[in-house]
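K.L.:
Quick note on UniProt numbering: the sequence shown kicks off at 1 and runs consecutively.
For the record, the hints were derived by calculation from the structure and aren't laboratory data.
Mixed in with the good hints, there may be bad ones.
[What the hints assert, rightly or not] Listed next, the in silico EDC-like pairs over lysine to aspartate or glutamate satisfying Cα-Cα at most 20 Å (straight line):
#	residue 1	residue 2
1	K154	D170
2	K160	D170
3	K135	E168
On a predicted model such as this, the values are computed, not experimentally measured, just so you know.
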Amino acid sequence: MVPPVCPRSTLPKEICKTCIVQHFEDSNDCPRCGNQVHETNPLEMLRLDNTLEEIIFKLVPGLREQELERESEFWKKNKPQENGQDDTSKVDKPKVDEEGDENQDDKDYHRSDPQIAICLDCLRNNGQSGDNVVKGLMKKFIRCSTRVTVGTIKKFLSLKLKLPSSYELDVLCNGEIMGKDHTMEFIYMTRWRLRGENFRCLNCSASQVCSQDGPLYQSYPMVLQYRPRIDFG
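Please model the entire structure based on the sequences and the hints provided.
P.N.:
What follows is the structure, given as structure tokens:
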């Protein structure tokens with residue numbers, strides 16, 4: 001199969017996904033240059049190089065179909081064994097049941113992830129007169145997974161504010177524009193300045209006292225501001 005590609009310029013252009021994942025289980029540093037990839041979860045920085053994959057598929061006729069067929073054959077041979085099932089049980093199982101099981105797995109909506117409270121505040125004094133499209137939310141306090149990215153927050157705002165698909169927003173923390181791939185955990189650990197004494201471990205409940213070193217967040221919400229995108233070019 002075509003190996004997934006890590007986008008970091010410090011890594012080789014082609015890296016096996018299995019190898020890099022195993023490496024990050026023991027270390028947060030780049031296997032080539034030694035720089036830290038991410039403070040807590042380096043796997044979030046890995047991305048598939050879809051452009052390179054499409055180029056390869058176009059250069060080699062029939063490769064895409066062969067890869068899909070190989071992947072399908074692999075899961076037919078290995079997935080029943082991993083689940084402790086035989087092939088006959090999978091064949092006899094109705095398709096509706098399979099879809100039902102998948103839907104049940106998808107209904108978690110990352111609720112099992114560490115959660116963080118956020119306040120989404122509309123930045124009204126944006127210097128753009130006559131632009132009343134972006135307004136404040138009726139319910140501006142939300143709780144979400146710490147792995148949620150700024151890009152997802154922008155989609156949430158566009159949906160709630162009923163903005164046109166072409167309308168773009170800026171999301172800021174402490175006056176600094178956040179990149180679309182920044183996670184809530186990353187923003188809190190590196191950008192959020194209001195840090196009091198009341199911290200709680202992301203992996204523990206409110207009633208637990210945790211002494212382990214790990215990502216922490218405050219018991220009051222982190223404030224993110226949004227406004228219409230400003231083109232500085």
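K.L.:
Next, verify each hint and record whether it holds.
P.N.:
Outcome of the hint check:
no. : hint        : in the structure
1   : K154 - D170 : holds, 8 Å
2   : K160 - D170 : holds, 15 Å
3   : K135 - E168 : holds, 14 Å
Hint check: no violations occur; every hint is consistent with the structure.
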